[in-house]
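Enquirer: Protein chains in written order, with UniProt numbering: chain A, 1 to 98; chain B, 1 to 392.
In short, the hints are calculated from the structure, not lab data. Each residue gets a CB set at the ideal place from its N, CA and C atoms; glycine is no exception. Check each hint, because a few of them may be wrong.
Stated by the list, open to error - Restraint-style ranges between C-beta atoms, simulated for each label pair:
(1) B/Glu4 / A/Gly43: 45 to 53 Å
(2) B/Glu339 / A/Pro6: 28 to 36 Å
(3) B/Ser323 / A/Glu22: 52 to 60 Å
(4) A/Thr7 / B/Ala202: 39 to 47 Å
Unchecked claim - Under the rule of at most 25 Å between Cα atoms (straight-line distance), these lysine-lysine pairs were calculated in the DSS-like manner:
(5) A/Lys11 / A/Lys69
(6) B/Lys212 / B/Lys234
(7) A/Lys85 / B/Lys234
(8) A/Lys85 / B/Lys212
(9) A/Lys11 / A/Lys85
Unchecked claim - Under 7 Å between C-beta atoms, here's a sample of chain A residues computed to sit facing chain B:
(10) Pro15
(11) Arg17
(12) Arg19
(13) Ala23
(14) Leu28
(15) Leu30
(16) Gly86
Each chain, letter by letter, is given below.
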Amino acid sequence: MTAPVPTARPKLRSPARLRYDEARQTELLLLPERVVRLNPTAGAILRLCDGTRTVAGIVERLETEYNQKGLEPDIVDFLAEAADKGWVESWERSCPTP
Amino acid sequence: MGEELPYALTAELTHRCPLHCVYCSNPVELRKREEELDTGEWLRVLEEASGLGAVQVHFTGGEPLLRPDLDILARRARELGMFVNLITSGIGLTEERIVRLAEAGVDSFQLSVQASEPGLADRLAGFRAHDRKREAAAAIVACGLPLNMNVVLHRHNIGQIEEIVDLCASWGANRLELAHAQYYGWALMNRDALLPTREQLAAAEEAFARAKERHGRSLELIWVVPDYYEDYPKPCMGGWGKLSLAVAPDGRAYPCVAASSIRTMEFESVRERSLGWIWRESASFNAYRGFGWMPEPCRSCDRRFQDFGGCRCQAFLLTGDASATDPVCHRSPHHRLIEEAAVSAARLSRRERAEQGEWAEQGEWAEQEEGAEQGERAERGVPGLSYRGLAK
Ligand code: SF4
Ligand code: SF4
Chain A
1 MTAPVPTARP
11 KLRSPARLRY
21 DEARQTELLL
31 LPERVVRLNP
41 TAGAILRLCD
51 GTRTVAGIVE
61 RLETEYNQKG
71 LEPDIVDFLA
81 EAADKGWVES
91 WERSCPTP
Chain B
1 MGEELPYALT
11 AELTHRCPLH
21 CVYCSNPVEL
31 RKREEELDTG
41 EWLRVLEEAS
51 GLGAVQVHFT
61 GGEPLLRPDL
71 DILARRAREL
81 GMFVNLITSG
91 IGLTEERIVR
101 LAEAGVDSFQ
111 LSVQASEPGL
121 ADRLAGFRAH
131 DRKREAAAAI
141 VACGLPLNMN
151 VVLHRHNIGQ
161 IEEIVDLCAS
171 WGANRLELAH
181 AQYYGWALMN
191 RDALLPTREQ
201 LAAAEEAFAR
211 AKERHGRSLE
221 LIWVVPDYYE
231 DYPKPCMGGW
241 GKLSLAVAPD
251 GRAYPCVAAS
261 SIRTMEFESV
271 RERSLGWIWR
281 ESASFNAYRG
291 FGWMPEPCRS
301 CDRRFQDFGG
311 CRCQAFLLTG
321 DASATDPVCH
331 RSPHHRLIEE
341 AAVSAARLSR
351 RERAEQGEWA
361 EQGEWAEQEE
371 GAEQGERAER
381 GVPGLSYRGL
391 AK
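Could you build the full structure based on these sequences and the hints that come with them?
Expert: Listed below in structure tokens is the structure:
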């Protein structure tokens, strides 16, 4: 498991897609063979993984949104795990500049 | 307990297929073209499935590309916000068709492969398919789309795991699912000739670990375990009528694609009922929901919340009782059926090895399947096997 550097720009790994599901009131991650029910935090992080925002930018945005400090370690851990599971592109392969 | 909402719909658009794979899990009684739902009916199925909560659709078959309305269906599914997965043999998948389908809304193409080289692959499929699959893979990659692949494993290709993984990597796959054959439909008819031996399985697991070591970073590898050699059954479909549903070419709705094999049960068709009614109210979908239907030993077993007593179709096919404990479970009173299958497969496997020379000497195909072009039929290579859609 490799943690992303603050300048990495995480991006959902194609063909994964996010969808907010009205019926279940939750964010779903749609993958070729499965559907993952995300908790609100995971959903909020993945929503921001659009390949243009940096990890630092995502942290800043969520800290503002939730009016909280010190979210970085949790976000970085989650992203490392998400890359491991193939939800987002892994850092070695992702383009440093879009 | 809140109401269950299905996540996924498997839409078996047709049973027609140019291939005749010996391990095909389609029912032995294949539905004919005249029985297939038309475009309007499929559109309604998609809408009703989405209304029920399905967020993913797997278009499969048979060969879904044989349906000229596939674009229309993919477009509608995508409009409904569904993730659209196309499961194909690759026959008929040209670059032009890929572009059209991707524009219509197909999110992911999943291409099957039979073996690591054309000789065996074409004998297993009963069709000269391998080279055309290579072209289809190249076309998917050329279109800049991720290439998902899958291979069904059984005795005749289980010794080639590393070669198969290498092949898919060289074709540019992002993801490869290695799934052991599930013994329903044609595969069950051929079980003695397909089930690997315990030794082959052990060797295959090692080969898989080596392949993962080599390719694991660039190619996502998924291993679907063969349940015959497990102590406990698989949690089939994550529970009956719980996470997903399937609609067959003729419109009958099932909790799982294999469930049409349960002949003692009446399954409703979307031609007569709405999918919502079938999901919520039908006797078939409610039959094995929850835990109250379970006989012993499942009824008092702690694992029932984990594996739901295993697969209902397998229970029916092997014991004649769909509510029985899956015979794969070592606690099942019918477990010896599984052990006997393994013994008889091992016996046949020894004989095959002794007679190996005879393989490729069989005659030409007896029948011409729709969609197959002249000169493409491969030679029937494996004696004693029933080829899907062809008389034994
Ligand atoms: S397993 Fe083979 S024969 Fe069966 S539907 Fe798939 S490609 Fe066709
Ligand atoms: S007895 Fe039934 S619930 Fe228990 S492990 Fe076996 S199949 Fe599963």
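Enquirer: Does each hint fit the structure? Answer for all of them.
Expert: Now for the hints, and whether the structure bears them out:
For the hinted restraint 45 to 53 Å between B/Glu4 and A/Gly43, the CB-CB distance of approximately 22 Å leaves it violated. Separation of B/Glu339 from A/Pro6 is about 57 Å and departs from the stated range, judged on CB atoms against 28 to 36 Å. A C-beta distance of roughly 36 Å is found between B/Ser323 and A/Glu22, which places it outside the suggested range of 52 to 60 Å. Distance hint for A/Thr7 and B/Ala202: a CB-CB separation of about 46 Å, consistent with the stated range 39 to 47 Å.
The straight-line distance between the Cα atoms of A/Lys11 and A/Lys69 is roughly 24 Å, inside the 25 Å bound, and the hint therefore holds. This hinted pair checks out: B/Lys212 and B/Lys234 have alpha carbons roughly 23 Å apart, not beyond 25 Å. For the hint linking A/Lys85 to B/Lys234, the alpha-carbon distance of about 22 Å falls within 25 Å, and the restraint holds. The hinted pair formed by A/Lys85 and B/Lys212 meets the criterion: a straight-line CA distance of about 15 Å does not exceed 25 Å.
A C-alpha spacing of about 13 Å is found between A/Lys11 and A/Lys85, which places the hinted pair at or below 25 Å, so the restraint holds. For A/Pro15, the interface hint holds, the least distance from its beta-carbon to any beta-carbon of chain B being 4 Å, beneath 7 Å. At its closest, the beta carbon of A/Arg17 sits 6 Å from a beta carbon of chain B; the interface hint therefore holds under the 7 Å criterion. About 6 Å separates the beta-carbon of A/Arg19 from the nearest beta-carbon of chain B, less than 7 Å, and the hint is met.
At about 5 Å, the closest approach between the beta carbon of A/Ala23 and any beta carbon in chain B falls short of 7 Å, and the interface hint on this residue holds. Among the interface hints, the one on A/Leu28 holds; its C-beta lies about 6 Å from the nearest C-beta in chain B, closer than the 7 Å criterion. Using the Cβ-Cβ criterion of 7 Å, the hint placing A/Leu30 at the interface with chain B is satisfied: the shortest such distance is roughly 4 Å. For A/Gly86, the interface hint holds, since its Cβ comes within 7 Å of a Cβ in chain B; the closest pair sits about 5 Å apart.
In this structure, the hints that do not hold are numbers 1, 2, 3, in rising order.
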